[in-house]
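Protein chains: 2
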Amino acid sequence: MILDGLLTSPLMAELKTPLLEQIASACHTKDFQEGDVLCHQNDVAHSVWLVLHGWVKLTRETLDGGDAVWDVLGTGHLVGLETLTPPFTNTTRAVAVSDTTTLVIPHSVLRQLIDTHGEFARLVLKHVLRQQQDERLEIEHRTHQTAPQRIGCFLLKLAGTPAKGKVDIQLPFDKGLLAARLGMQPETFSRALAKLKQETGLRMTGAHVEMDDVDALRAYTCGACSGTYPCHGHA
Amino acid sequence: MILDGLLTSPLMAELKTPLLEQIASACHTKDFQEGDVLCHQNDVAHSVWLVLHGWVKLTRETLDGGDAVWDVLGTGHLVGLETLTPPFTNTTRAVAVSDTTTLVIPHSVLRQLIDTHGEFARLVLKHVLRQQQDERLEIEHRTHQTAPQRIGCFLLKLAGTPAKGKVDIQLPFDKGLLAARLGMQPETFSRALAKLKQETGLRMTGAHVEMDDVDALRAYTCGACSGTYPCHGHA
Numbered sequence: 021m022i023l024d025g026l027l028t029s030p031l032m033a034e035l036k037t038p039l040l041e042q043i044a045s046a047c048h049t050k051d052f053q054e055g056d057v058l059c060h061q062n063d064v065a066h067s068v069w070l071v072l073h074g075w076v077k078l079t080r081e082t083l084d085g086g087d088a089v090w091d092v093l094g095t096g097h098l099v100g101l102e103t104l105t106p107p108f109t110n111t112t113r114a115v116a117v118s119d120t121t122t123l124v125i126p127h128s129v130l131r132q133l134i135d136t137h138g139e140f141a142r143l144v145l146k147h148v149l150r151q152q153q154d155e156r157l158e159i160e161h162r163t164h165q166t167a168p169q170r171i172g173c174f175l176l177k178l179a180g181t182p183a184k185g186k187v188d189i190q191l192p193f194d195k196g197l198l199a200a201r202l203g204m205q206p207e208t209f210s211r212a213l214a215k216l217k218q219e220t221g222l223r224m225t226g227a228h229v230e231m232d233d234v235d236a237l238r239a240y241t242c243g244a245c246s247g248t249y250p251c252h253g254h255a
Numbered sequence: 021m022i023l024d025g026l027l028t029s030p031l032m033a034e035l036k037t038p039l040l041e042q043i044a045s046a047c048h049t050k051d052f053q054e055g056d057v058l059c060h061q062n063d064v065a066h067s068v069w070l071v072l073h074g075w076v077k078l079t080r081e082t083l084d085g086g087d088a089v090w091d092v093l094g095t096g097h098l099v100g101l102e103t104l105t106p107p108f109t110n111t112t113r114a115v116a117v118s119d120t121t122t123l124v125i126p127h128s129v130l131r132q133l134i135d136t137h138g139e140f141a142r143l144v145l146k147h148v149l150r151q152q153q154d155e156r157l158e159i160e161h162r163t164h165q166t167a168p169q170r171i172g173c174f175l176l177k178l179a180g181t182p183a184k185g186k187v188d189i190q191l192p193f194d195k196g197l198l199a200a201r202l203g204m205q206p207e208t209f210s211r212a213l214a215k216l217k218q219e220t221g222l223r224m225t226g227a228h229v230e231m232d233d234v235d236a237l238r239a240y241t242c243g244a245c246s247g248t249y250p251c252h253g254h255a
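Protein sequences, first through last, are from chains F and Z. When we follow our numbering, the leftmost residue of the first sequence carries the number 21, and every step to the right adds one. When we follow our numbering, the leftmost residue of the second sequence carries the number 21, and every step to the right adds one.
Since the hints were derived computationally from the structure, they do not count as laboratory data. All values reported here derive from a predicted model rather than from experimental measurement. Incorrect hints may appear among the rest.
Claimed, not checked - Just some of the chain Z residues that point at chain F, by a computed CB distance under 7 Å:
#1 82
#2 85
#3 105
#4 156
#5 160
#6 162
#7 163
#8 164
#9 245
#10 250
#11 254
Cβ atoms here follow ideal geometry from the backbone N, Cα and C, with glycine treated the same way.
Let the sequences and hints guide you as you build the complete structure.
In structure tokens form, the structure reads like this:
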């Protein structure tokens, strides 16, 4: 069960069996309810979490007391990988935004593997360099995509690419958080969503999104992006 | 001379002498004039460049033929580090935006070191995880900082932090590219610059920027950021 859980992470899925079993033997699962805090910003890191089910929000406090949403991570994503670098402290506050099951991987185990297994260090490096490309693309999107396109891009990734034909998806968390995740004010988000519906024919009822033809969304969304479809980035 | 050049890179400066000398022995310097192309997007990567002097612009083509500026890198920065991950191709087009001197580091040398030296792989990982934090902060800034604050943030890093009192700096490249680097339309940039001057008392004549008190700029700029001053990110 723990081994199966580990395999939902693209990074862990690349490990050879003995290493995977070594990590699995040190892990345990932990459940969080909506609103539970996994870790606080600036605390010494004790764990890296692999999200098995649910969603975890990463936030940071700005100097003037605001709350900046850095990311919202779902199944297969690792929370806290960046804490494996000095000063080994949590860089964000991590909060469950739905009932969430995680695999708790002790920080000490991953640090020791990085220090002693060149192969593991290389795989983490490869994984982080790929993540970095996603983040650079995200920076690009903030400039080159319109707000409706940014929502469309999120929905496309949520649909799981490559998607074809009619698509039904469920928004994984509330629209306020989705707006924050996409770097929009709630009013901008509402206006952009209305425009996206009008331009692509997608329908949204509560958290339920329906598209008769995902190609229409792709045609509308992907033109202003320098990536290639199907994209491997996370929603 | 080549060894001194390598040491301008924070990553290379952490290497032990024998490894540093091994890399230095495989490098050569190469000059580029304004407009010269270091590499094209999607080509197989042959080199990583360390910028010794000047500035290099990284761009990517969007599907609809636009040109997205991903970054502009100056002294001490490595161009193409992300090509060390499969598929080992250039992820951006890199173009000199001023007369530029680089140290050419053969791709094969770095790949071999990553494959055979766990210590080198670990240092690259540490470096990339730090870069990733800068990029996440940049994503945050696109949402939480105003346009004048984003210009102010760039100028603060250019001034070299921690800076105190009166500061004179020279813009390293033209305002059009600076606007693109900060993800702004030229008109937004002009309006934001006017506002920044008015709010902080900084003066700009051509490419020359003068501040009587850098603290005024810091007070205006840093409130909406979740980082801590002095920041280690690059301009």
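Taking the hints in turn, this is what the structure says about them:
no., hint, in the structure
1, 82, "holds, 5 Å"
2, 85, "violated, 9 Å"
3, 105, "holds, 4 Å"
4, 156, "holds, 6 Å"
5, 160, "holds, 5 Å"
6, 162, "holds, 4 Å"
7, 163, "holds, 4 Å"
8, 164, "holds, 5 Å"
9, 245, "holds, 6 Å"
10, 250, "violated, 13 Å"
11, 254, "violated, 14 Å"
Checked against the numbered hints above, the structure violates hints 2, 10, 11; every other hint is satisfied.
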